[in-house]
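Residue numbers (numbering that gives the first Met the number 0), protein chains in the order written: chain A, 0 to 249; chain B, 0 to 343.
These aren't lab readings, by the way, just hints derived from the structure by calculation. Computed from a prediction, not measured in an experiment: that's the story for all the values here. For every residue, glycine included, the Cβ atom is placed at its ideal position computed from N, Cα and C. There's no promise every hint is true.
[To be verified] DSS-like cross-link-like pairs, simulated, lysine-lysine; straight-line CA separation at most 25 Å:
| no. | chain 1 | residue 1 | chain 2 | residue 2 |
| --- | --- | --- | --- | --- |
| 1 | A | Lys145 | B | Lys299 |
| 2 | A | Lys93 | B | Lys40 |
| 3 | A | Lys93 | A | Lys83 |
| 4 | B | Lys152 | A | Lys145 |
| 5 | A | Lys159 | A | Lys145 |
| 6 | B | Lys299 | B | Lys209 |
| 7 | B | Lys40 | A | Lys145 |
| 8 | B | Lys202 | B | Lys309 |
[What the hints assert, rightly or not] Reference listing, derived: stretches of chain B covered by chain A, where coverage requires no fewer than 3 residues with Cβ under 8 Å from a Cβ of chain A:
| no. | region |
| --- | --- |
| 9 | 158 to 172 |
| 10 | 184 to 194 |
[Claimed, not checked] Some chain A residues well away from chain B (every beta-carbon gap over 10 Å; in silico):
| no. | residue |
| --- | --- |
| 11 | Lys50 |
| 12 | Asn51 |
| 13 | Ile54 |
| 14 | Thr86 |
| 15 | Lys103 |
| 16 | Ala104 |
| 17 | Ile116 |
| 18 | Val133 |
| 19 | Leu141 |
| 20 | Gly146 |
| 21 | Gly154 |
| 22 | Tyr181 |
| 23 | Thr209 |
| 24 | Val230 |
| 25 | Arg231 |
| 26 | Phe240 |
If you want the building blocks of each chain, they are given just below.
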Amino acid sequence: MTPIKTLLVIFSPLFFLLVACRGASARPRPLATSSSSGIIRLSIIPTFGSKNILIADSSFQTGDSHNVQIDVLKFYVSHIQFLKNGTVVLEEQKSFHLIDAAIKASFDIVIPNKHAISFDAVRFNLGIDSTTSVSGAMGGDLDPTKGMYWTWQSGYVNFKCEGKSNLCKARNNEFQFHLGGYRQPYYCLQTLTLPVHNPNEITLQFNAETFLSHSDVGTHHHVMSPNAEAVRLSAIVANSFSMVKSSTAK
Amino acid sequence: MKTKIILCVALCIFAVAFRSADGERFEAPAHWQKPVYDFRKNPLTSNTIALGRALFYDPILSRNNTISCASCHSQYSAFTHGDHALSHGIDDRIGTRNAPALMNLAWQRSFMRDGAINHLDMQALAPISNPAEMDENITHVVAKLQATKTYPKLFYKAFGDSVISGAHTLKAIAQFMLTLVSSNAKYDSVMRKQAVFSQQERKGYLLFQKHCSACHTEPLFTNHAFMNNGLPVDTTLRDMGRFSVTMNADDSLKFSVPTLRNIEFSYPYMHDGRFKRLSDVLHHYTAGVVQSSTLAKELKKPIVLTSNEKVDIIAFLLTLTDRTFLFSPAFSFPQNMIEEAAKD
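Model the full assembly from the supplied sequences, consistent with the hints where possible.
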């Protein structure tokens, strides 16, 4: 064969291979495999006390005097890792999840665990880390159409909660928390590590009642930009997460 | 084994060739520093640049389809809001700042006069949602674009996906803005030894290097820092500049140092467009600098210039005018493209 022909013989199949590969990598890979042992199911359930929050119907009463209505509750869970004896043994790739109390499907996260690695704790970030926050436009749950990006100053809102409380001394008893900030000294990212008792069924809850009572919604009802108050409240948000031992909250 | 290696090498060569055939390369002018924009995350292609250009000129990005990016950033005035101190947007609402010139953005780390925006991709979100500018939101913009006949096709050409996302919309606009490179002024020809300064321009250049280059550093004519150049505070606007982003008192009254390229066409000047002429600017630097705790150290001692020297500096500043940039058909309203897209 002439050199040109040899090249052609090598290249033409390669060309198809290349095109085929490109096509394949463009398709999203399925997260879960058919065998249930190869995956970890992590559920994050927004609750108000012992009741689940679903935005369509979210009026709650607490004690005898606190009436609360939650209209928006959205937050980012990112960089999910699993630990054994304090060491990271597994981490999710491209790990960014927007949990939205109005979208039930967003409560469930499925993470591949092909080698059935065992672990005793889960760790994740509440919010979006500063490196990701300065990396330009991103799609999926990070797409700016998700309404969690601060357009006038850059950066993600880590946690959004809006609604009404009769304790709230603001106009129409409304509260509005947009917590975030990717720059020091107002870096709001929180990292949570929680022990896992049953690796087959990990269910966490975010308890809005805990958040609203600890944050004192009566006097602190509006936070809309990165500041010291946002940092303080972000820590309270983090403390409002807990592991659900039996999966009754579901 | 050997064949495998050959195959691998061949594959690599082929893959690289394939890339550059389809991707457009960003050409940084010789002897300029490396751009800070990460092109690996948003590789330029001619289709994406064309899409970004269509979006930049399209008022569909505003609430009532009246205002485009180009309304406030027009090419003939170096992509500023020509002759407007403060720009006005939708329903003639007036903003609080002067629209800066857009060029050489690939070298810029943060955007806006106070650096509030951390990435060029995210810049377009600010005017789209500002109630005094386009008063829209990106979610609605994406829905409007999706509902047109032409944009799903243009997005498919650009990204291989006709389902429009916020990220793709922003990346396309960023690509067009990245191509706005100005590096063909007389100054550049002189530096490339293809032209010479007049005697007056040369005198002006030396004075400029002495008094101005610390902040307006060559070749981009900015050091990309935030500085207080001693402007008295406009009491109607009370713009504290960088302070409003960092809340740090040391940043009070600091503004991003703008490029001086195409300065002849980007008037009026400063963050609030307070000066109409370059002679006003030089008058400020020699006679108007206000002392304050955050004033740049370069300006603590007054700059002394005779009136001839001021004229010399201005003569030099005019050598920063780049007509190939100001009149490049690649940056103008994409008439042809819109007609073509409407056809197929």
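Need the list of violated hint numbers for this structure, in ascending order. 1, 10, 18, 19, 20, 21 and 22
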